[in-house]
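Enquirer: Residue-level listing of the chains:
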Amino acid sequence: DTAVSQTPKYLVTQMGNDKSIKCEQNLGHDTMYWYKQDSKKFLKIMFSYNNKELIINETVPNRFSPKSPDKAHLNLHINSLELGDSAVYFCASSQSSYEQYFGPGTRLTVT
Amino acid sequence: QQQVKQSPQSLIVQKGGISIINCAYENTAFDYFPWYQQFPGKGPALLIAIRPDVSEKKEGRFTISFNKSAKQFSLHIMDSQPGDSATYFCAARGSGYSSASKIIFGSGTRLSIRP
Chain A
1 DTAVSQTPKY LVTQMGNDKS IKCEQNLGHD TMYWYKQDSK KFLKIMFSYN
51 NKELIINETV PNRFSPKSPD KAHLNLHINS LELGDSAVYF CASSQSSYEQ
101 YFGPGTRLTV T
Chain B
1 QQQVKQSPQS LIVQKGGISI INCAYENTAF DYFPWYQQFP GKGPALLIAI
51 RPDVSEKKEG RFTISFNKSA KQFSLHIMDS QPGDSATYFC AARGSGYSSA
101 SKIIFGSGTR LSIRP
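Each protein sequence line maps, in turn, to chains A and B. The opening residue of the first sequence carries number 1 in my numbering; numbering runs sequentially from there. The opening residue of the second sequence carries number 1 in my numbering; numbering runs sequentially from there.
Think of the hints as simulated: they come from the structure by calculation, not from any bench. Keep in mind that the hints are not guaranteed to be accurate.
[Stated by the list, open to error] With beta-carbon atoms standing in for the labels, derived distance ranges: (1) B:I12 / A:K52: 41 to 49 Å; (2) B:S69 / A:K22: 31 to 39 Å; (3) B:G17 / A:Q95: 49 to 57 Å.
[To be verified] A few chain A residues that don't get close to chain B, going by computed Cβ distances all over 10 Å: (4) V12; (5) S48; (6) F64; (7) S68; (8) E99; (9) T111.
[Said to hold, decoys possible] Footprint (simulated), chain A over chain B, 3 or more residues, beta carbon under 8 Å: (10) 44-55; (11) 84-93; (12) 105-113.
Ideal Cβ placement from N, Cα and C applies to all residues, glycine included.
Pulled out of the complex, with its shape left as it was, chain B reads as follows (with noise of 0.2 Å):
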C-alpha cells in the first residue's frame, strides 16, 4: 500500500528551466515532510524539508510548496542546472516524537538537465 504516491517517474528540463515534481499523500497524521536526492552510486541525502503548519519553504534555488487540504506537495527547482540531475525522492513521516515513526517514501523521479 503505498502512502505517498509521486509523479513523474523521469523528468527532462533544459538548462535555466523549473523542475516541478508533485507528490500526494493519505494518512493526514504525517508530521514531516522531506526531499531526498540521490546520485547514481550514492545513498540519499536529505535535501530540504517542511512541516505541515507551512505553506512554502525555500532554501536557495529548491522550495518546496505545500497544500495541507489537498494533501499535496511538490519540490520546485529553479534555475536548473546538469548538476541537478539525481533521482529526487519525497517523503513522509509519521507523527509523534517516537523513534519508531516511520518515513515513507515516494517511488521517485529521475530528474535529467539538458545543457
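Looking at chain A on its own, in the form it has when it is part of the complex (with noise of 0.2 Å):
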C-alpha cells in the first residue's frame, strides 16, 4: 500500500503552459506540504495545509496555487509555466509536523 501518492511521476511541458500536480495519503495524517528539490538537491518547503487550511505560504510566485479537496488530498496548479520551475516536487504528510512521509515526487521539465 502506498502511504503517499504523486501523480504523474513525470511531465515535460512548454513555457507558458498550465499543469497540475495530484498528490493523496493514505495515512490518516492532518498536515500535507510541497516541496521543491533543486538541480542542487535543496530541498525546501512551498507550501503546508493542515485539515484543508493553508497554513504555511512561502514566498512563492503567485503562478503557484495548491488547493486540498480534503485532508487526504494535495494538489498543486502551476501557471504560465517558466524554464526555473524545472525541478523535483514533493508531495509530504503528517501528524503533528514532526516525521514527514514523502512521495515519489514529481520531475517537472519545463522547455
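Assembling the complex is the task here: the two chains are given apart, and the hints tell you how they should meet.
Expert: Quick look at the structure:
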C-alpha cells in the first residue's frame, strides 16, 4: 500500500503552459506539504495545509496555487510555466509536523 | 537565509568504514532534529531523529551525536555498506506543537560507499 502517492511521476511541458500535480495520502495525517527540490538537491518547503487550511505559504510566485479538497489530498497547480520551474516536486504528509512521509516526487521539465 | 548548514557536500568512504556528516544550526528554538535518506529517484525518508535534551541516539549502525551548546549535530554510519550510498539531509523543526512548525533542511550530502 502506497502511503503518499503523486501523479504524474514525470511531466514535460513547454513554457507558458499550465499544469497540475496531484497528491494523495492514506496515512490519516492531518498535514500535507509541497516541497521543491532543485537540481542541486536543495529541498525547500513551498506550502503546507492542515485539515484543508493553508498554514504555511513560503515566498513562492503567485503562479503556484495549492488546493486541498480534503485532508487526504493536496494538489498543486502551476500557471504560465517558466524554465526556472523545472525541478522535482515532492508531496509529504505528517501528524503534528514531526516525522514527514514523502511521496515519490514529480519531475517537472519545462522546455 | 540558510538556518541549517550541512557538510560535506559529498563524501566517499570505503566499505566497512565510518561515514560522518555534520550539521550546524542557528535557531535555538528548534526542538527536533531528523536525518533523512534519499535514494536516486525516490523521496526522502526519515532515517533517525533526536530531541535536544539527548546527546546521542543510536539505531543499528546509525548514530546521531548532538551538542546543544555548540549548536551542532552529526550523523555517524558505522560499518558503511554500498547500500548506504544515498543523499543524506539533516533538518531541524521549529518548536511548539503547531502544525505550522516548519522543518528546515540542510543542503544534503551525497555519500558514496566504495566496495
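Enquirer: Each of the hints needs a verdict: does it hold here or not?
Expert: How the hints compare with the structure:
1. B:I12 / A:K52: 41 to 49 Å: Taking Cβ atoms as reference, I12 (chain B) and K52 (chain A) lie about 46 Å apart, which means the hint holds.
2. B:S69 / A:K22: 31 to 39 Å: violated (45 Å)
3. B:G17 / A:Q95: 49 to 57 Å: Given about 37 Å between the Cβ atoms, the range is violated.
4. V12: holds (16 Å)
5. S48: Violated, since 7 Å does not exceed 10 Å.
6. F64: holds (17 Å)
7. S68: Holds: least Cβ distance 13 Å, greater than 10 Å.
8. E99: Since the minimum Cβ distance to chain B is about 5 Å, E99 (chain A) lies within 10 Å and the statement is violated.
9. T111: holds (21 Å)
10. 44-55: holds (count 4)
11. 84-93: holds (count 3)
12. 105-113: Holds: 4 residues of the segment 105-113 of chain B have a Cβ under 8 Å from chain A.
The structure fails to meet hints 2, 3, 5, 8 from the earlier list, while all remaining hints are met.
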